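Chemist: Here is what each chain is made of, one letter per residue.
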Amino acid sequence: MARIIALTFVVISLAGAARASAQAESGPARPAPRAVPDYDGRGAPPEDPAEPWMWIPRIATGPLYLVSEYLVRAPIGWLLTELEASGAIAAVERYLQQDFVVLPVAYLDLGMRPSVRVFATWRHALHDANQLDVSAGFGGTDTLDARLVDTVTVGDVSVSGRLRAIRRDDYVYGGIGPGADNTVANRARYSESLVETEARLDWRFWRRSRLRLTAGYDSRGFGDGRELGDPALTARQQQLEGGVLPEGFEEGYSAFRSRLELVVDTRPASRPLAGGVRVGMYAAPGFDVDHPSQRRWMAWGGHLMLATDALGAERVLALEGDTHLVEDLDSDGVPFTELVDPGRDGVLPAYLPGQLRGRSAAALTVRYRWPIWVFLDGSLFFSMGSVFDARFDGFVVDDLRYSFGLGVDARDAGDHPFVLQVALGSETFANGGEITSVRVLVGARNSL
Amino acid sequence: MSRTTSSLALALAVLAVASGCGAAMTRRFPLREVMWRDHDQQPFGPRPRTAFNPYLWDAVDNTLFRRSSELFTYELDREALNVNAADEVPDSSWFTNRIGRRPMSREELALGPCRSLEQPPFPWRVLRGKHDGSSPGAVIEAADGRRYVFKVDFRQPERATAADVIATRILHAIGYYVPCNQVVFFEPGDVEVTPDATMGGAPYGAEQLEALVAASGRAPDGRRRASLSLFVEGAPLGGWRFEGRRADDPNDVIDHQHRRETRGMYVASSWLNHVDARAENNMSTWMETGDGLGYVRHYVLDAGDSFGIGWHEDALVRRLGHSHYVDLQHALEDFLTLGLANRPWTEPARGEAFEVFAYYPNVEDYVPDQWRNGYPNPAFERRTERDMAWMARIVSRFERDDLEAIVALGRWSEPRHGAILVGTLWGRRTRLLERWLTRLSPLADVELQGDRLCATDLAVRSGIRGAHARRYRARAHGAEGRLSIGAGWRVTGSEVCVPLPRRSPRTSAYLVIDVEASTEGRDHPAPLRAHLYEHPPGSTPAFSLVGVERPSTAAPPRL
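So the sequences go chain by chain: A and B. In terms of the numbering used here, the first sequence has 422 at position 422, counting the first letter as 1, and numbering is strictly consecutive. In terms of the numbering used here, the second sequence has 510 at position 510, counting the first letter as 1, and numbering is strictly consecutive.
By construction, these hints were calculated from the structure, which means they are not laboratory data. All the pointers check out, no bait thrown in.
Some, not all, of what chain A presents toward chain B, calculated at C-beta under 8 Å:
#	residue
1	Val36
2	Tyr39
3	Asp48
4	Pro57
5	Leu64
6	Glu69
Quick list of the computed label-pair ranges, beta carbon to beta carbon:
#	chain 1	residue 1	chain 2	residue 2	range
7	A	Glu93	B	Glu364	32 to 40 Å
8	B	Ser116	A	Asn130	53 to 61 Å
9	B	Thr492	A	Arg271	53 to 61 Å
10	A	Arg42	B	Val367	30 to 38 Å
Residues from chain B that keep clear of chain A, each with C-beta distances beyond 12 Å, as calculated:
#	residue
11	Pro121
12	Val152
13	Gly205
14	Ala206
15	Ala469
16	Arg471
17	Pro537
Bear in mind that the values here come from a model prediction, so they are computed numbers and not experimental data. Backbone N, C-alpha and C define an ideal beta-carbon position, used for all residues, glycine too.
Kindly generate the complete structure, drawing on both the sequences and the hints.
Modeler: Right, here's the structure in full:
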């Protein structure tokens, strides 16, 4: 407390000195302010009887006031005013309206490393129809990524080339399949280095419907993760699964993959929140380029959403169903990062990416979304679902888990949409159905 | 004041009253003339520095940082400071009583601050482009040698140029200093660029002018349409702020947030939906009086956002006037209530002439005391019922014909648009009067007529109440207690006159007359309280009216 008071006096003294200095520089002496007129002839009004009592909270919260006024408001005000006066803000405004934009953002997914990111967009790059997007993220020396996307758009069709290089050591591994002990207490960390190239064709053919075709090549290597209080993946496997490592972990792999995705969405393109029906399906074959005839897989699945703006004014209630499967087309197994990951894919957003993995997954979600500001929507969801063995083999209701959450999403889902979410996820009913997963997200996602 | 702070202040105020601090004697007015002029135009020197208006910081500060700091100041509500004994605002460098104190002819209303309604002579020469503000424009010099800000419409046909004129004329009639604005028509060849014209440091040439002219609207006869705003008198010193004082202006001794005309601007702004009431749209000027001396005058410069400004983002346009640009309170409320509560911006109707006035004509959605401007305004936040009632009394003086005369200055190519605007202004006027003219006494123009005290019932005069339904009651109080009021009441239309009791005192004696004006079953505000001195028999005049109050309760005075 004594330190706070001392600091307070220092701040006040500095502020006072600064003001005195500013006044001293303000030029020739001016006449003293005139007396305040007695407008109604009755002199100053009597003091409010409550006024003396106000000093109790004023003194009690004085340090908060000093921090707010002198450590926050004053310096920010000075800085912004100087920037505006120098024309820097106007220059930035003009800059933002031009073809080249740079935007710094930050992202925190509690349980993963926080990261900062810089996005740069160059519209009409070398050609009117061309756009170049670059992003670079940093969350520590072992959490780095860089992405580059070049997109040519002609009418409703866009073609893009993508390059991604990512290294992180905080990926989560929580086991595979419905029987895995994937509680938070038993999760592990691994590192992954990824280099990926991809070509993508998008055709937006009706309202929010689109056809997307992608083809790409990537190379991945894995290792143990080290951070955030969880054991390394190999240690977990030693302890829980007799040292058996997940498919593809030890040697890494390089894959060629393609994906065909069709989404038919009756909602208007110009209104993010509207009632309608969305049906989506995809098929995504892939193979290990080093073992093209032994390790092949096919991911496929579908999505159905029925949404209604029953309350009007973009207050949309939606029922969504998702199924995702991965078929092992050969006998060598499917690399673990190719499996269905409902946390990563947003199907069960209460779970961290990697916490749940399986050969198949299904989820039924009731979602309510409503506008809270011009550019932000509130979002509330309740999901029931989980991961399963191949083609839902051995499906029992007790293997399901539930999750729910509340959040705020950016209305315009651009390349770096803002999100704020708190979500809770349970264990399977077979394991008691207790809430064990808490996921807190805040910041700007990277959608490049 | 924040709601939390208000609650705490209220709790402590209750504590203070409970501890015996609540009772108070009625404050007497001295026997002196009512102050109708604040002598804040006393020459001084040197000239104050030109202040820079940080528009971004002003928005950020008022939205977030100022309000955060004020959470810890526990500021109690207080009445405005520059209120005279008549419960009015004296003329000053900020405000001049006009329609609120004297009748204004239609011609006077239309002329406003202008000397003439003639269009300035061509050619108009562009001196520089205008890169600030939301409307595209330029600074020009007309052939008469006077300088103007030249603006054209954008997005909405004719609204911005018309609003520039109409809103400032209304603000002028109310009492503010405003520039002389007018809607003008021209041919592209009437405007030319001077060789050294610039915009934001870059050369301004024929190409920029062509783009500006191309963006302007067209009159039915094919001419181009724009608005011209004559440069105001005096040298610019930057926009005056809605809080604090200028340290370099010795006449500026009242914090701006405690001036009644800055607080009362809330009512006028809500009427016009002038959401952009902020420092950048104000202007202080240095009025030279000679020998290097002068004083500071305070203008409201730009109200071109009035009457339903539109943007491409409909979700934002729907909120204008109902919610701040960044309204943390509304966002939090809508988040916590899952958006289930219907808001005025939830699904507003799109009426006729939506492309011109957006949602402004939705009079039913206008809730006067819920109105919000673009971002929080420290003077508006400190408004009290009395400040609002003061401005409502002024607004009540505008008659429909007055508004028609002013709206005609918009020179609408489609007369229906002018009619819609008049109807909207009239409807909103009714709603704001209903709110702010019925809770404190609507009696005004208090004066002595012989041995009667007379006042105008603005509720009747403005048309929101019928004369037949009004009930009047008066009580007289002296130091000796309640006095009886004799016969001689006179009620004529909206004027009510109360006979004054006679006591024949040996020296001037204090007298308080409470006059109630109510409508049975509707409103029953507390009385108008007139403070008088009764002079000894044989004195002329027999009475002096020295003060007027509009208390919020009907409790009798304690003399």
